[in-house]
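Here's the letter readout for the chains.
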Amino acid sequence: MNEEIIIAGFGGQGVLSMGKILAYSGILQDMEVTWMPSYGPEMRGGTANVTVILSDERISSPILNTFDTAILLNQQSLDKFEKSVKPGGLLIYDTNGITRHPARKDIEIYQVEAAAEAARMVTTKTFNMIVLGGYLKIKPFVKFENVVQGLWKSLPERHHKLIPLNEEAIKRGMEIVKKVS
Amino acid sequence: MGELRLMKGNEAIAEAAIRAGCDAYFGYPITPQSEIMEYLAAEEPHKRTGMVLLQAESELAAINMVYGAAGTGKKVMTTSSGPGISLKQEGISYIAGAELPCLVVNVMRGGPGLGTIQPSQSDYFQATKGGGHGDYHLLVLAPASVQEMSDFVPLAFDLAFKYRNPVMILSDGVIGQMMEKVELFEPRPRNTRFDQSWVTTGKTPDRERNVISSLDLDPARMERHNYDLQAKYLKMKDKEVRYEEIECDDAEYLLIAFGSASRICQKTVKLARQKGLKTGLLRPMTLFPFPEKIISKLAEKVKGILTVELNSGQMVEDVRLAVNGKVRVDFYGRMGGMIPTPDEVLKEIETKLTGG
Numbered sequence: 231m232n233e234e235i236i237i238a239g240f241g242g243q244g245v246l247s248m249g250k251i252l253a254y255s256g257i258l259q260d261m262e263v264t265w266m267p268s269y270g271p272e273m274r275g276g277t278a279n280v281t282v283i284l285s286d287e288r289i290s291s292p293i294l295n296t297f298d299t300a301i302l303l304n305q306q307s308l309d310k311f312e313k314s315v316k317p318g319g320l321l322i323y324d325t326n327g328i329t330r331h332p333a334r335k336d337i338e339i340y341q342v343e344a345a346a347e348a349a350r351m352v353t354t355k356t357f358n359m360i361v362l363g364g365y366l367k368i369k370p371f372v373k374f375e376n377v378v379q380g381l382w383k384s385l386p387e388r389h390h391k392l393i394p395l396n397e398e399a400i401k402r403g404m405e406i407v408k409k410v411s
Numbered sequence: 002m003g004e005l006r007l008m009k010g011n012e013a014i015a016e017a018a019i020r021a022g023c024d025a026y027f028g029y030p031i032t033p034q035s036e037i038m039e040y041l042a043a044e045e046p047h048k049r050t051g052m053v054l055l056q057a058e059s060e061l062a063a064i065n066m067v068y069g070a071a072g073t074g075k076k077v078m079t080t081s082s083g084p085g086i087s088l089k090q091e092g093i094s095y096i097a098g099a100e101l102p103c104l105v106v107n108v109m110r111g112g113p114g115l116g117t118i119q120p121s122q123s124d125y126f127q128a129t130k131g132g133g134h135g136d137y138h139l140l141v142l143a144p145a146s147v148q149e150m151s152d153f154v155p156l157a158f159d160l161a162f163k164y165r166n167p168v169m170i171l172s173d174g175v176i177g178q179m180m181e182k183v184e185l186f187e188p189r190p191r192n193t194r195f196d197q198s199w200v201t202t203g204k205t206p207d208r209e210r211n212v213i214s215s216l217d218l219d220p221a222r223m224e225r226h227n228y229d230l231q232a233k234y235l236k237m238k239d240k241e242v243r244y245e246e247i248e249c250d251d252a253e254y255l256l257i258a259f260g261s262a263s264r265i266c267q268k269t270v271k272l273a274r275q276k277g278l279k280t281g282l283l284r285p286m287t288l289f290p291f292p293e294k295i296i297s298k299l300a301e302k303v304k305g306i307l308t309v310e311l312n313s314g315q316m317v318e319d320v321r322l323a324v325n326g327k328v329r330v331d332f333y334g335r336m337g338g339m340i341p342t343p344d345e346v347l348k349e350i351e352t353k354l355t356g357g
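Note that the protein sequences, when read in sequence, are chains A and B.
Sequential numbering of the first sequence, starting at 231, is according to the numbering used here.
Sequential numbering of the second sequence, starting at 2, is according to the numbering used here.
FYI, nobody ran anything at the bench for these hints, they're computed from the structure.
Incorrect hints may have been included.
Restricting the straight-line Cα-Cα distance to at most 25 Å, the calculated cross-link-like pairs of lysine to aspartate or glutamate (DMTMM-like) are [stated by the list, open to error]:
(1) A:K310 - B:D344
(2) A:K316 - B:E351
(3) A:K373 - A:E262
Here the structure is a predicted model, which is why all the values come from computation and not from measurement.
Whenever a hint applies, use it, and build me the whole structure from the sequences.
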């Protein structure tokens, strides 16, 4: 098993922490993991992205130009990374604010209306967990219970009371993710 | 098995410093390595082991605090990135001249000048050829994973005390910023068992006073001191060369890369072999001493060598000296914070080495 993922969106959407929880979950399943963030000027306002690799083997390059899965959460990221999905790969996106939708025919495309769904929850900060739920539904490489464990490990203690809400958000994401093409 | 954690390379260095029994850290923040001091501050090492953590007023102050503290026989360190490491060169030269042990970490970013905060390996010359003035060398370790960011810290302290020489961990923004699984080693006690006969902690009646200085105005004595230093570097070349061979056994084409570039090349090896190109990778883990013998040996059986670096071609000079004309040595690099992708390197193998 070797899964190469890019998650990209606006700074503040929780892109980096979504990747971190995924990486934690991978460790709990004895996988090798690498989490490589963008830390440049784009992170200081603008777009943020992170590459996450989950693998049964020693991981080679943390720098990649093609991915098995792209989770793209704004127009800039969609424009930049749609072409980077490997043929037969997976693209997940949120239609919120998107004017030009992905057009590739050789990949699987899914939508998760996470921004809209997050607005219906107690806090819109659940956005990234809804997206993560969508991904886990399609590619369950890491188990739900390990993701929850990952949340306990990666969130500071003062946020532990929010974990049930995050669990609910992941489940919601699993329900609402839908195939487009 | 040790404790498993998901950590950034920078955090791994900081945690390893506490566990390795480091006595004091003196530093000044700079991207892309500020997490080292941030992590240490959050951990409050004075409560865990009694280790001192001090943010100095400048890089110059930090390295001179290292100089002074190292003179007392303590395990001390500082960390920075290119611009800060340049400021520290005067102190590093003095420490090398006075033969004191310490650890200096450089998490490289693109230069010259303030350059960029993105990753680079353009400080290879500075790290391996001296950096400051005078005929000296640091022992230079090049980690390629977050695990090695942790493992190389106790190794660096051991080597620093073994040779009474400053040791540098030469990393970069990729390894510093990325998170990977780390198995942490068991904490070591802070007290060192190394030879302390040279330390300046106050003269006792039973011995002559110890003097630590890099100055000697008598040229004959200074030349002798230089011969001693050179003998020490020769001993390092004999005993401390470290490298990793990846699929070199049947390789017709050889990639040579260190640190983050070696991670990229590891993937290129896979891609090349899928295309039927028997490619291997030699990864120097010590840059000084440089693994020249194994490179010379491999040069006898491969059809071509490609050195890959995040700079304009620095380590390639040492590769060419080791190969000594036996086979063609090409170079591929990106600069200024740009990072090549594995298939970009594959294309270089195809165009430069195979002639296709």
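Checked hints:
At most 25 Å may separate the alpha-carbon atoms for a hinted pair to count; A:K310 and B:D344 meet this at roughly 18 Å. Using a Cα cut-off of 25 Å, the hinted pair A:K316 and B:E351 holds, with the two alpha carbons roughly 22 Å apart. About 15 Å separates the Cα atoms of A:K373 and A:E262, which keeps this hinted pair within 25 Å; it holds.
When the structure is compared with the earlier hints, no violation turns up for any of them.
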